[in-house]
Amino acid sequence: MAFATIDVTKGITGVTPVANGGTGATSFSPGKLLQIQHTNYNTSVSTSDQGYVTTGLTCAITPSATNSKIFGMFKLQARGNGLTSSYEWGYACKVDRSGGASGTAFEEKSGTGQSYSTYFISNASGVTTNIAQHSSFQFLDTTHNTTSAITYTVFAKVQSGNQAVDFQNATFPSQFTLWEIAA
Amino acid sequence: MSYKFFKAVRNIRPETELSFVGEIETEEDFKKINWSIGVDENGFSITTTTNPHSELTWTAVKEEMDKL
Numbered sequence: 771m772a773f774a775t776i777d778v779t780k781g782i783t784g785v786t787p788v789a790n791g792g793t794g795a796t797s798f799s800p801g802k803l804l805q806i807q808h809t810n811y812n813t814s815v816s817t818s819d820q821g822y823v824t825t826g827l828t829c830a831i832t833p834s835a836t837n838s839k840i841f842g843m844f845k846l847q848a849r850g851n852g853l854t855s856s857y858e859w860g861y862a863c864k865v866d867r868s869g870g871a872s873g874t875a876f877e878e879k880s881g882t883g884q885s886y887s888t889y890f891i892s893n894a895s896g897v898t899t900n901i902a903q904h905s906s907f908q909f910l911d912t913t914h915n916t917t918s919a920i921t922y923t924v925f926a927k928v929q930s931g932n933q934a935v936d937f938q939n940a941t942f943p944s945q946f947t948l949w950e951i952a953a
Numbered sequence: 151m152s153y154k155f156f157k158a159v160r161n162i163r164p165e166t167e168l169s170f171v172g173e174i175e176t177e178e179d180f181k182k183i184n185w186s187i188g189v190d191e192n193g194f195s196i197t198t199t200t201n202p203h204s205e206l207t208w209t210a211v212k213e214e215m216d217k218l
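Here the protein sequences come in this chain order: X and Y. Here the first sequence is numbered in the numbering used here, starting from 771 and rising by one per residue. Here the second sequence is numbered in the numbering used here, starting from 151 and rising by one per residue.
Calculated directly from the structure, the hints in this document are not laboratory data. Here the structure is a predicted model, which means the values were calculated and not measured. Glycine included, each C-beta is placed from N, C-alpha and C at the ideal position.
DEER-style ranges, computed between Cβ atoms:
id : chain 1 : residue 1 : chain 2 : residue 2 : range
1  : Y       : T199      : X       : M843      : 31 to 37 angstroms
2  : Y       : A210      : X       : A953      : 55 to 61 angstroms
3  : Y       : E177      : X       : T874      : 33 to 39 angstroms
4  : X       : G873      : Y       : P202      : 28 to 34 angstroms
5  : X       : T836      : Y       : T207      : 50 to 56 angstroms
6  : Y       : D216      : X       : H904      : 31 to 37 angstroms
7  : X       : I806      : Y       : A210      : 47 to 53 angstroms
8  : X       : Y889      : Y       : E175      : 25 to 31 angstroms
So here's chain X without its partners, still in its complex pose:
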């Protein structure tokens, strides 16, 4: 005789051994990964600005707890336009929060000078050079302290007004993924 339903709140105790198809576990520990949000962005944004401007790449998340951690991973597609005889040039990026939290969540290196970690290099000085590349970055936000929606925006600045960078060049996409991890 088959049972149509079983009330699991009554009369079921003990551990189902692995040999019998169970886990052998006496208790259950819920996972730490609470949610993932992802953005794929392919609108071209170009800049020759030495101050931070938006790359257009954003990702939003509504944390389920104020003390959770937000792990961010983003990949920037960029094409560098070497407009002069200078043989190396680059860009730097940062991520700022808006909405439920504010401030900078990530910056490669603040200040000026050697703060441009992503370089385009040509060995043929004096020759116009255009190079496309993908660069990945990661950050961990442990200070959002909110359950309101947060938008993370990627900003970038270039090394010189005589050089330019096209993000999402020719609509090749950049991506941004946010993972909420339980405390």
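For this one, chain X is given, so just place chain Y on it according to the hints.
Then chain Y, alone, in the frame of chain X:
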């Protein structure tokens, strides 16, 4: 295409700092450029869509682009 635009701007006025979305192919696109006029205390560019460089007219930039 953005390469030609940046090259034309640089030929007319080197070290010009600007940013834009999409491509600059028409005068309407040109009017949407964000021209940098400084940097704030957090490193963000201070921008305006009012072109602060009199020599960088759409006509002049287009003419230079057509030469490239």
